Amino acid sequence: AQKVTQAQTEISVVEKEDVTLDCVYETRDTTYYLFWYKQPPSGELVFLIRRNSFDEQNEISGRYSWNFQKSTSSFNFTITASQVVDSAVYFCALSEAGYNFNKFYFGSGTKLNVKP
Amino acid sequence: DAGVTQSPTHLIKTRGQHVTLRCSPISGHKSVSWYQQVLGQGPQFIFQYYEKEERGRGNFPDRFSARQFPNYSSELNVNALLLGDSALYLCASSSGGLPNQPQHFGDGTRLSIL
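Going down the list, the protein sequences come from chains R and B. Read in order, the letters of the first sequence are residues 1 to 116 in the working numbering. Read in order, the letters of the second sequence are residues 1001 to 1114 in the working numbering.
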């Protein structure tokens, strides 16, 4: 079964629009970690945020905000006032504390196109 | 400070050949992981090494192997290449290789099998 599901394959918005990227995860571990990464065309995955399973506080960083809801197993990512530079593929990832190593399960990614 | 560096950037091989990909982690990071990313999909975990020992292995055949050197750099080897091995191979490093630590990725090696 898919551990991380990103149902939105591709989203297109016009600059300055707000956009939310969805992420739904599945795990039996009570302690786990969720991450968001950005992958521009160059290929490098850029770390954006980590959230612990025991910390449901939402977080805002500039134009970026994250909504973590354990009740729905979701960790959604919102970009406010999108810009062309936000165009990239965004990945949500899950890491489980049951492993003693860094095994990330990635979703299939959401490609965001921001048009001027 | 230099990030994770990978070489080569691109590689073209034919079926049946062998390939070695190289990775240097961020200075001070002792853990290196390898991921395979097929076009249009998310990265898939292959291996993690910490202090030169294999910590974890994903669901990949024995044709895939890796090692980590005393300076924490790493090599990924793939034998008997198949067309399906065509992908972007990403290396990631973290300080201790624990589940709660963000991994920092290199630009990847794009491998094409003809």
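Watch out, some of these pointers could steer you wrong.
To be verified - Subject to a maximum C-alpha distance of 30 Å in a straight line, what follows is the list of computed DSBU-like cross-link-like pairs (lysine-lysine):
| hint | chain 1 | residue 1 | chain 2 | residue 2 |
| --- | --- | --- | --- | --- |
| 1 | R | 70 | R | 115 |
| 2 | R | 38 | B | 1013 |
| 3 | R | 3 | B | 1052 |
Worth flagging that the hints you see were computed from the coordinates, not collected in a lab. All figures in this text were calculated on a predicted structure; none of them were measured in a lab.
Query raised in the report: Which numbered hints are broken by the structure, listed smallest first?
Result: 1
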